[in-house]
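K.L.:
These protein sequences, in sequence, are chains R and L. According to my numbering, the stretch in the first sequence is residues 1 to 277, in order. According to my numbering, the stretch in the second sequence is residues 1001 to 1434, in order.
Among the clues, some could well be false.
Stated by the list, open to error - In the SDA-like style, the derived pairs of lysine to any residue whose C-alpha atoms are separated by at most 20 Å in a straight line are:
#1 R:K273 <-> R:A230
#2 L:K1066 <-> L:V1147
#3 R:K274 <-> L:D1087
#4 R:K82 <-> L:W1225
#5 L:K1094 <-> R:N169
#6 L:K1096 <-> R:A268
#7 L:K1096 <-> R:T222
#8 L:K1040 <-> R:G85
#9 R:K80 <-> L:T1226
#10 R:K161 <-> R:L182
#11 L:K1332 <-> L:A1278
#12 L:K1290 <-> L:A1278
#13 L:K1168 <-> L:I1182
#14 L:K1332 <-> L:K1316
#15 R:K80 <-> L:Q1292
#16 L:K1094 <-> R:I264
#17 L:K1349 <-> L:E1310
#18 L:K1344 <-> L:Q1383
#19 R:K28 <-> L:W1225
#20 L:K1040 <-> L:V1152
#21 L:K1290 <-> L:E1310
#22 L:K1006 <-> L:L1388
#23 R:K28 <-> L:H1387
#24 R:K274 <-> L:I1269
#25 R:K274 <-> L:S1093
#26 L:K1281 <-> L:L1229
#27 L:K1041 <-> R:D224
#28 R:K106 <-> L:Q1292
#29 R:K28 <-> L:G1097
#30 R:K80 <-> L:I1269
#31 R:K80 <-> R:I64
#32 L:K1094 <-> R:K80
#33 L:K1290 <-> R:G242
#34 R:K273 <-> L:Q1091
#35 R:K80 <-> L:L1229
#36 L:K1094 <-> R:S78
Claimed, not checked - For the chain L half of the interface with chain R, some residues (derived, Cβ under 10 Å), not all of them:
#37 S1099
#38 A1102
#39 F1109
#40 T1117
Everything labelled a hint here was simulated from the structure, so no lab data went into it. Think of the CB as a built atom: it goes at the ideal place given N, C-alpha and C, for glycine as much as any other residue.
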Amino acid sequence: MDAVWIIITGFLVASSTGMLGNLLLLRKMSMMGDALSHAVLPGIVIAYLISGSRASLPLLLGAIIMGVLTTFLIQFFSSKGKMQGDAAMGTVFTFLFAVGVILVTKFAGQADIDADCVLHGELAFVPLQQTTYLGFSAPNAVWTLAALFIFIQGVFWAGYKGWILTSFNPEYAKSVGIRTALWHYALMAATSVATVVSFESVGAILVIAFLVVPAATAYLLTKDLQWMVALIILQGLLSSVGGYFLSDFLEASISGSMAVVSFILFAAAFLLKKKEG
Amino acid sequence: MDILLKYLSLEDPNVRYVVIAIVLLGGMSGTVGSFNFLRKKTLVGETVAHSMLPGVLIAFLLSGVKNPAVMILGAAISGWMSIWVVDYITQQSKIKGDSALAIVLSSFFGLGIVLLTMIQSRYTGNQSGLDHYIFGNAAAMTPEDSVAFASVSLVVLGLIIASYWSIKAIIFNPDYAQSIGISRRKTDTLISIITILTISVGIKAVGIVMMSALLIIPPTAARFWTDRLIPMLVISGIFGSLGGWIGAFVSYSQTNMPTGPWTIVSVSIIAFISMLFAPKKGIVYQRWNKLQLRRRINEENLLKAAVQSEVRGKGKLFTRTTINERQFFESKLWNRTIGRLTSKGLVRKVHGGYTLSTSGRNYGADIDRRHKIWEVYLQRRMQMSVHLVHDEAETMEHFLTPEIEGEILRELGLCSRFNPLLEIHEIIPDPDLA
C-alpha cells in the first residue's frame, strides 16, 4: 500500500505542476519555475517560524506573497531599473534564496527545519502520517496534494480561454482589452502555491522537473492544448510508477528517480520526433 | 573592531584560506560572468552549476577518494555535457533555449540526487561531505583548495587575455566578427570553457545556487557603471571579490552564519545600490533628470506665452489669467514655475503681475522662434499639413539646439537673422486666430 501512496503522490505533483508548466513553456518562461521554486524559500521559512507548523494556511500565504513579490521585483528591476531581463530574474531569485538559506541556518535550532528537508523532501516518508476524512484513510500529503490538484484543474479550466489567448497571442489579448499582467501574476501565484505545496513531500528537484519536463515532452508530440494536458497527465503517471521502481532497484532517492525517468520519457519523445522530422 | 582587525590581518590560518579562496572566486566569477551576461545567456551558469552534481559523484565513485582535482574534472565533464545537451535540444527540436535549460537542469540534478542517495546507502564513512557540493562549505577550504583556486583563476585570466579581441568582436558585432574570420563557435566554446572552469572550482566553496548567483549578480551591478568592456570586466570582478570578502567577514564575526549566502546577499546589496544610485543609469539620477526636463519645459512654455502676448500688443504686464489664454497653468504649477523664473532673473514681479526681464524676453523669443522654424521645416520638407505642424513643434521647440537650428535654416535657404516673429505668421496661421 505504501508504494501505491508514493506513486499517487508523485502523480498528483506531476499533473498539478505539469499543467502550470505547460503555460510557462508556452510563454517561454520555463526558467521562471526554477526561479520561483528558489525564491519562495524565505517565505516558507518565515511562515514556519511564525506558525510553527508545516503545510498550513500561513505557509500557503507566505508562498503566494513571495511568488507575487518575486514577480513584481523582477518586473520592477527590468522595467524601472533597466536591468537585462534574464539578469533581473537571476539576481532576484538567487538573492531571495540566499536570504532563505541564511534564515534556515540561523533558526535551524528553534524550528523544525533544515535546508535539506525544505529542498529535498523525501517521498519515502509520505505514507507515515495518515489522516481519515469522510471515512477514508490516506496520507496527509495525499490529501493536500489532491486539494492542490483540484485547485489547479479549477484554475486551468476556469480560465481556459484566457490562458490560451494570453499564452499564444499576448499582443492580440492586450489589444482586445484583456489585462495580460493580471493573468501573468495569477499564473505566478498559482505556480508558487503548487511549488510550496509540493515541496514538502517531493522536494525542489522534482517540482522543477515536473514543472518543465512533461510539458516539454507533450509540446514535442502535439500542438493541441487539450492533448498536451492529456499527455502531461499520462507522463506524470508513467514517471511516478517508473521512478518508484527505479528507486527501489537502485536504493536511491524516489524524487530523483522520478525526475530521471521523466527525462528518459522526454528523450524518447525527442528521438522519435527527430527521426520523423 | 578587534574582530575586524583580526579579520583584516588574516593571522588565523583558517580565515586566511577562506578569504583567499572566496575573494579569488568572486573576482573570477564576476569577470567570467560578464561575458555570459553580455551574450544574454545569464542563466546558463545556473544550469551548468546544477548539472555538475552527477559528474562530481561519478568522479568519486570511480576514484573512491575525495581528491579536489578529480572532483573538479568530473564536475567539468558533466558541466560540459549539460551545455552540449542544451544546444542539441534547441538545435534539433522546437524547444526554446529557456525550456531546454530548465529540462537539463532538473534532469541532471535529479540524477545527481539519485547518485548521492545511492552512495549514501552503500558507503559509510568516507562519503561524508559530498553534500557540500550542493550547499557549499567555505569554512572547509583547505590550502589545496586555495592552490586550485589560484591556478584556475590564472588559467582563466590567461585565456581571457589571449582571446580578448575575438571575444569582444563576437559579443558586440557577431556578423562583422565572422566576416573577418573569427569563428563564433570557437569563441562560444571558449566562453563555455572559462564558465565551466570557474563553476567547477567554485561549487564546493559556495554551493550550486550561490555559484550561479556569483556569475549573474556582479555583472548586473557593474553594467550600471559603465558602457565599456574592460571597465565592466574589472568592476564586475571587484564587486564579486568585495562581496566575497564581506560575506566571509560576516560568517567569521557571527556564529552560525554561512559564507556563501552572505556573499550573495552582499553582492546583491551592491547591485541594488548600483541600480539606485549609479551616475547616468541609476534610478535616482534618471528620475532627477526627468524632473529637470519637465521643469525646463514648463519654464520655457511660460516664457514663450509671455513673449507671444507682448508681441500681440497685450502689454508687458502678465498674470496667470492672461498667460492661461495661451498656455494653461494650474495654480500650483504656476506658483512653482514663476518662482523659479523669478529667482533666475528671467521674470520680475511688479505691481499687479509679472513682467519679463531682457534675458527672459530673449529666451522666450528663442523658444518661439524654434517653434516656428520647426513648423516651417515640417511644412516644406515633410509636406505636413498646416493644421498638424503646431502640435509637433510644441514638443520639438524644447529640444532644438542652436546647431540644429542653424542647419535647418541653411537647409531651408533662410538667412540666420531671419526673424520668424515678423515673417512666419504670414505663412502659418496662428492656431488661436484660425
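K.L.:
For every hint, state whether the structure bears it out.
P.N.:
Outcome of the hint check:
no. : hint                : result
1   : R:K273 <-> R:A230   : holds, 18 Å
2   : L:K1066 <-> L:V1147 : holds, 16 Å
3   : R:K274 <-> L:D1087  : holds, 15 Å
4   : R:K82 <-> L:W1225   : holds, 13 Å
5   : L:K1094 <-> R:N169  : holds, 18 Å
6   : L:K1096 <-> R:A268  : holds, 18 Å
7   : L:K1096 <-> R:T222  : holds, 16 Å
8   : L:K1040 <-> R:G85   : holds, 9 Å
9   : R:K80 <-> L:T1226   : holds, 18 Å
10  : R:K161 <-> R:L182   : holds, 14 Å
11  : L:K1332 <-> L:A1278 : violated, 32 Å
12  : L:K1290 <-> L:A1278 : holds, 16 Å
13  : L:K1168 <-> L:I1182 : holds, 11 Å
14  : L:K1332 <-> L:K1316 : violated, 23 Å
15  : R:K80 <-> L:Q1292   : holds, 18 Å
16  : L:K1094 <-> R:I264  : holds, 18 Å
17  : L:K1349 <-> L:E1310 : holds, 16 Å
18  : L:K1344 <-> L:Q1383 : violated, 39 Å
19  : R:K28 <-> L:W1225   : violated, 30 Å
20  : L:K1040 <-> L:V1152 : violated, 24 Å
21  : L:K1290 <-> L:E1310 : violated, 31 Å
22  : L:K1006 <-> L:L1388 : violated, 73 Å
23  : R:K28 <-> L:H1387   : violated, 46 Å
24  : R:K274 <-> L:I1269  : violated, 46 Å
25  : R:K274 <-> L:S1093  : holds, 7 Å
26  : L:K1281 <-> L:L1229 : holds, 16 Å
27  : L:K1041 <-> R:D224  : violated, 30 Å
28  : R:K106 <-> L:Q1292  : violated, 46 Å
29  : R:K28 <-> L:G1097   : holds, 9 Å
30  : R:K80 <-> L:I1269   : holds, 17 Å
31  : R:K80 <-> R:I64     : violated, 23 Å
32  : L:K1094 <-> R:K80   : violated, 33 Å
33  : L:K1290 <-> R:G242  : violated, 60 Å
34  : R:K273 <-> L:Q1091  : holds, 13 Å
35  : R:K80 <-> L:L1229   : violated, 24 Å
36  : L:K1094 <-> R:S78   : violated, 27 Å
37  : S1099               : holds, 4 Å
38  : A1102               : holds, 4 Å
39  : F1109               : holds, 5 Å
40  : T1117               : holds, 4 Å
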